[in-house]
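Engineer: Line by line, the protein sequences are chains C and B.
Count along the first sequence from 1, then add 1; that gives the number in my numbering.
Count along the second sequence from 1, then add 822; that gives the number in my numbering.
I should point out that these hints are in silico values taken from the structure, not numbers from a laboratory.
Each statement offered as a hint is correct.
Heads up, simulated SDA-like pairs for lysine to any residue below, C-alpha to C-alpha not over 20 Å straight-line: (1) C:Lys338 <-> B:Arg901; (2) C:Lys338 <-> C:Gly270; (3) C:Lys276 <-> B:Arg1005; (4) B:Lys1089 <-> C:Arg386; (5) B:Lys1140 <-> C:Asp198; (6) C:Lys276 <-> B:Ile1044; (7) C:Lys91 <-> B:Val931; (8) B:Lys1089 <-> C:Asp384; (9) C:Lys411 <-> C:Asp456; (10) B:Lys1089 <-> C:Pro385; (11) C:Lys91 <-> B:Arg892; (12) B:Lys1140 <-> C:Asp456; (13) C:Lys91 <-> B:Thr907; (14) C:Lys91 <-> B:Arg890; (15) C:Lys91 <-> B:Met932; (16) B:Lys1000 <-> B:Ala989; (17) C:Lys276 <-> B:Leu1086; (18) C:Lys276 <-> B:Gly1046; (19) B:Lys1089 <-> B:Lys1282; (20) C:Lys338 <-> C:Gly279; (21) B:Lys1000 <-> B:Ser1080; (22) C:Lys338 <-> B:Leu904; (23) C:Lys405 <-> C:Thr243; (24) C:Lys91 <-> B:Ser911; (25) C:Lys411 <-> B:Val1298; (26) B:Lys1000 <-> B:Asp1053; (27) C:Lys276 <-> B:Gly1047; (28) C:Lys91 <-> B:Arg893; (29) C:Lys91 <-> B:Tyr891; (30) C:Lys276 <-> B:Asn1003; (31) C:Lys411 <-> B:Pro1297; (32) C:Lys276 <-> B:Ala1349; (33) B:Lys1236 <-> B:Asp1304.
Reference listing, derived: stretches of chain B covered by chain C, where coverage requires no fewer than 3 residues with Cβ under 8 Å from a Cβ of chain C: (34) 918-927; (35) 955-966; (36) 1342-1349.
Heads up, incomplete: computed chain B residues facing chain C, CB under 10 Å, no partners named: (37) Gln894; (38) Tyr912; (39) Met932; (40) Val946.
Note that beta-carbon positions come from the ideal geometry of N, C-alpha and C, so glycine has one too.
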Amino acid sequence: MAQTPRPSIASSQLLTRDQAKALADRVLALSTADQTRVLIVSTWNGNTRFADARITTSGGVTDTTLTVTVAIGQRQASSSTNVLDEASLKRTVDLAMRLARLSPEDPELMPELGPQTYQSVNAYVESTADLDPEARASAVRRTMTAATTAGKPAGEIFTAGFLEANARATAVATSKGLFAYHRSTDVDYSVTARTPDGTGSGWARAGARDWNAIDAGSIGRIAAQKAVASRNPQTIEPGLYTAVLEPQAVNDLIPLLGNALAARSADEGRSPFSKPGGGNRIGEKVADERVTLYSDPADRGLLGAPFDVQGLPIGRMVWIEKGTLRNLAYTRFWAEKQGVRPTGGALAGGLALTGGTKSTEEIIAGCARGILVTHFFYIRSLDPRTVLQTGLTRDGTFLIENGKITRALKNFRWNESPLLMLNRLEDIGRPEPTEAGRLMPALRIRDFNFTSLSDAV
Amino acid sequence: MSPTRRDFIKATTSTAAALAVGHRLGLSAVAQTLPAPAADAAVIDLANEALNAARSAGASYADVRIGRYRRQSVATRERQVLGVTDAESYGLGVRTLVNGSWGFAATSVMTRAGAQAAALEAIVLSRAARAVQARRVELAPAKPVTGTWITPVTRDPLDVPLEDKIALLLAANEAALKVANVRFVNSSLALLREMKTLLTSEGTNVTQTMIRVGPSFSATAIAGGDFQSYDEELAPRGAGWEYVESLNLPGNAERWASLAAEKLTAKSVQAGQYDLILEPTNLWLTIHESIGHPTELDRAIGEEANYAGTSFVAPPEKVIGQLQYGPDIMNIQADRTQEGSLSRVAWDDEGVPADQWLIVEKGVFKDYQTTREQVARIQTLTGVTRSHGCSFAESWNAVQFQRMPNISLLPGDKDLSVNDIVAATERGILIRNRGSWSIDHQRYNFQFSGQAFYEVRNGKIAGMLRDVAYQSNTPVFWRSMDMIGGKSSYWMGGAFTDGKGEPSQNNSVSHGCVPARFRNVTILNTARSS
Chain C
2 MAQTPRPSIA
12 SSQLLTRDQA
22 KALADRVLAL
32 STADQTRVLI
42 VSTWNGNTRF
52 ADARITTSGG
62 VTDTTLTVTV
72 AIGQRQASSS
82 TNVLDEASLK
92 RTVDLAMRLA
102 RLSPEDPELM
112 PELGPQTYQS
122 VNAYVESTAD
132 LDPEARASAV
142 RRTMTAATTA
152 GKPAGEIFTA
162 GFLEANARAT
172 AVATSKGLFA
182 YHRSTDVDYS
192 VTARTPDGTG
202 SGWARAGARD
212 WNAIDAGSIG
222 RIAAQKAVAS
232 RNPQTIEPGL
242 YTAVLEPQAV
252 NDLIPLLGNA
262 LAARSADEGR
272 SPFSKPGGGN
282 RIGEKVADER
292 VTLYSDPADR
302 GLLGAPFDVQ
312 GLPIGRMVWI
322 EKGTLRNLAY
332 TRFWAEKQGV
342 RPTGGALAGG
352 LALTGGTKST
362 EEIIAGCARG
372 ILVTHFFYIR
382 SLDPRTVLQT
392 GLTRDGTFLI
402 ENGKITRALK
412 NFRWNESPLL
422 MLNRLEDIGR
432 PEPTEAGRLM
442 PALRIRDFNF
452 TSLSDAV
Chain B
823 MSPTRRDFIK
833 ATTSTAAALA
843 VGHRLGLSAV
853 AQTLPAPAAD
863 AAVIDLANEA
873 LNAARSAGAS
883 YADVRIGRYR
893 RQSVATRERQ
903 VLGVTDAESY
913 GLGVRTLVNG
923 SWGFAATSVM
933 TRAGAQAAAL
943 EAIVLSRAAR
953 AVQARRVELA
963 PAKPVTGTWI
973 TPVTRDPLDV
983 PLEDKIALLL
993 AANEAALKVA
1003 NVRFVNSSLA
1013 LLREMKTLLT
1023 SEGTNVTQTM
1033 IRVGPSFSAT
1043 AIAGGDFQSY
1053 DEELAPRGAG
1063 WEYVESLNLP
1073 GNAERWASLA
1083 AEKLTAKSVQ
1093 AGQYDLILEP
1103 TNLWLTIHES
1113 IGHPTELDRA
1123 IGEEANYAGT
1133 SFVAPPEKVI
1143 GQLQYGPDIM
1153 NIQADRTQEG
1163 SLSRVAWDDE
1173 GVPADQWLIV
1183 EKGVFKDYQT
1193 TREQVARIQT
1203 LTGVTRSHGC
1213 SFAESWNAVQ
1223 FQRMPNISLL
1233 PGDKDLSVND
1243 IVAATERGIL
1253 IRNRGSWSID
1263 HQRYNFQFSG
1273 QAFYEVRNGK
1283 IAGMLRDVAY
1293 QSNTPVFWRS
1303 MDMIGGKSSY
1313 WMGGAFTDGK
1323 GEPSQNNSVS
1333 HGCVPARFRN
1343 VTILNTARSS
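Could you put together the complete structure from these sequences and hints?
Structural biologist: Here it is, written out as structure tokens:
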């Protein structure tokens, strides 16, 4: 049998700054369009999935995709490929130019950006880029061992989970001399534990830029503890209840405000931030005064991308400050039209919700009667006018009485708005990392609208 | 060798009768089709390089998929083009089985060295996976196959000039903007050509070219500080440009847009219990969510527990042949051979020939969706010893696993139309097209909306409603179905991108159905202001 070599690991595969620059320059030289932009995304993904005491799939994938966007006059088009030989690059540039010539003039087309200055963001961590198959399998074993121990009161616990690490290098170059390069890593690990009687299910998740920040045993233990505690759930009538949302549940809802923060939709009258009669609601109170929502790629807890796909610098943006709408997200076109600075997309620089200092346990302790939610599932928009959503609770829904968890509850469907609920805030916890680029607190919300029961465990 | 599908069908005469109906359900066959291309010799060489490397390094089984994907999209709003993109992706994925554990590696470095490195990385992953292995993977037998296939099309959409595509969309937008209060219109085309070669260590060597098209149209009307949108249900299909043209977007857009304007003045629904009449343009998605997903065998045995969830159709030994899913007029057929459907193939991503079988027969749950490694879990319960051919990977860079085939509600014996169902209904609501959708992780509690809602009173349409959603529990809902349309009312919708798995992958799948009535369903009013 042949000697098996070590697997290829991210750090040796991603394009370096010099390699990305050289590739971008080759492509820019091939284009005769009026303006050209090249986006290069070089990626490595290593993943391990398991269920029922078996690794069911595990994979390692490397790829580099190059997208060329050209403008001829006001006509623009894009073409992309992952075949990086000279003939393919030429074909890709030619195709983009042909598509652009065929496209109608775009009155909203903005000229490409020249050189820009970016914040320095170090979001690449070797411990994540080096997370090889053996290390992942070993983490899975630690998780399963912890889950088995914590799940003992319920018998033989069933666990299923997914661990994946990503490393990515992104480069943007334009024919006007812009060149931007950024590397990042992220790792995400989630585990579901189910009790053998089929009546209990628990879940835990951690995500970060740095694998060393994640405790594989703790994820298994928390998932199993929730599974054990959620057995034999009881029914209470659906209705308006105080809800304590754990940070992961908040992480499911708050980013849904991203689309609503688009300035153009607000100015055009089709957003919750539209002012009746025209204009937008910047300067108005839109949430409880304890709430602040911001993006900032340089924030140590976020480490987002310092530029977007056009090379536009992404800086700190405070969307909601102490309950007041301070900013909306402006594309370059809409910013110019309205005479303001462009911001890029609302979620580009990560997202943090802040305003409190308490732990989730303290938020629970302050609740006289309410429902504790571990996380949500299958969230879909019902009404963009209010950002109203529907979805379900999942993997650990409990009744809180007099500051203590007293009973497991059946899951609920709910219809609620992440914006409107911020006006019914009873308490807000300290921001905690929920995934790479996100900081979310626990929230206690009055009159959360639980609309029907679900039999799902 | 396992019995063939036909052997299995012959075993139950009622199944054969249902399938006879099913066979007529495809769209009419395309008159003139393009020839199926074969793989380049260089592609076969690279695949063999990876297979040989995997075998030499100890794989008991290996398969290699080399895919070349071309995706084009054209998006417009009102009188302008929002974007034109054209993307090509080419690469190789190799899956290995070593001592009963899977490994998968993929690369876009398409050289002999790249193919070998990917194969050896897959072996490393297989070996690492042995650290957590409660049982070994065993594959159901499959006869090696060779051949080529292409989606039957008259005209490859990627060969149609871009000017024609833009002109078609802008003409539709222009027609829509004629309607009073309609201020915004979005229309788009998503086009895909997927050429995929599969070689296995067992001798399979097949090359298939799949062509899919996904058009969309949406209009928004604004008046008096309110806005309402209407999305037409333009089914994505495994079809050519001739299908896009047959939809006549420019000719229909004004009528579609007028529905957005009409919604502005529609009556907000009074919440309560109503009889619900679902047009096929709405019901297909309810079938997808409440029948398609719960009958995936990987969900039923817990392999999706951490993501999409498990299933109420479990455990297999308690539900196969026993679970009453709905009334005896309910027959649900899985079919990867259906003309025009999104998941139509000749062979799946394990080289298993496309299959057609019943999931629900006369209201009773009968069988799951399977791949080769899943067959052994249920074969003593179903008597089926072959895979149903449900293996699929979205790209060369993703591992294949069990994905949904086309799953459809077969027509009733009487050739009823939706008008016949309305005429027989005293107090109800009729819903067209998909709206918001959400369902729990075991597929019990769901809430779906639509695009156009009509009040039905004393057998007649009594006017338009808005803010409507229906909420129910899957078994309760299907058991309340008491009328279904006949074969002339059959229509096939579909999802261009259906997510499942970790890392999440997209699958394209169609669902055919007839209009149907459900009794005493909970209707919600989704307008809320505080």
